[in-house]
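**Q** Sequence:
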Amino acid sequence: MNQNNVRFLKFENYRWNGVEVKKYKDENKTWLNVCRQVIAGKAGEKIKFHLRYFEIEPGGYSTLEKHKHEHVVICVRGRGKAIAGNEVFEMGFMDVLYIGSNVPHQFVNDSDEAFGFFCIVDAKRDKPKLLTKKEIFNLLRDEKISKVIRIPETYPGLK
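For the sequence shown, this note's numbering begins at 240 and goes up steadily by one.
Misleading hints may appear alongside valid ones.
As the list claims (entries may be wrong) - Computed list of lysine-lysine pairs in DSSO-like fashion (alpha-carbon distance at most 27 Å, straight line): (1) 307 / 249; (2) 305 / 249; (3) 305 / 262.
Claimed, not checked - With beta-carbon atoms standing in for the labels, derived distance ranges: (4) 307 / 281: 31 to 37 Å; (5) 342 / 386: 32 to 38 Å; (6) 329 / 261: 41 to 47 Å; (7) 250 / 396: 25 to 31 Å; (8) 381 / 253: 29 to 35 Å; (9) 391 / 256: 17 to 23 Å; (10) 383 / 333: 21 to 27 Å.
These are calculated hints, taken from the structure and not from any lab test.
Using N, Cα and C, we set each Cβ at its ideal position, and we do this for glycine too.
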């Protein structure tokens, strides 16, 4: 942030100058081939939200999780699938998905190109929670979800 309270980030090839590309998460092995960038909200801005960019490589997926905070997801690169509650959405360029409080969700890239999306969340928010074995089995009963969902053997609580 400069002295005039302005911050400009140059965009090139789905990277923003001065923004670190990080692993999606550090903990457990509940996801595959995902990176994230926090574009706004953690560099001294006085906003009450975070703007993040996630990118999932072909074959990758995010953690199957839920949390109290809401979020808005906007696809800006490639195509991918989003499981939200008991629905599966095929997301493409500029499609928008709102995910409410405590809705189980997961993003899956079953295409042959990167799937990238902005995710807007409150700056102050709870930590995501993994689903219980019962919640996972309830999701798996739905054929459209069972074809898309990714649950690695290392997902805690499955054994």
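**Q** Are there hints from earlier that the structure breaks, and if so, what are their numbers?
**A** 1, 2, 4, 5, 6, 7, 9
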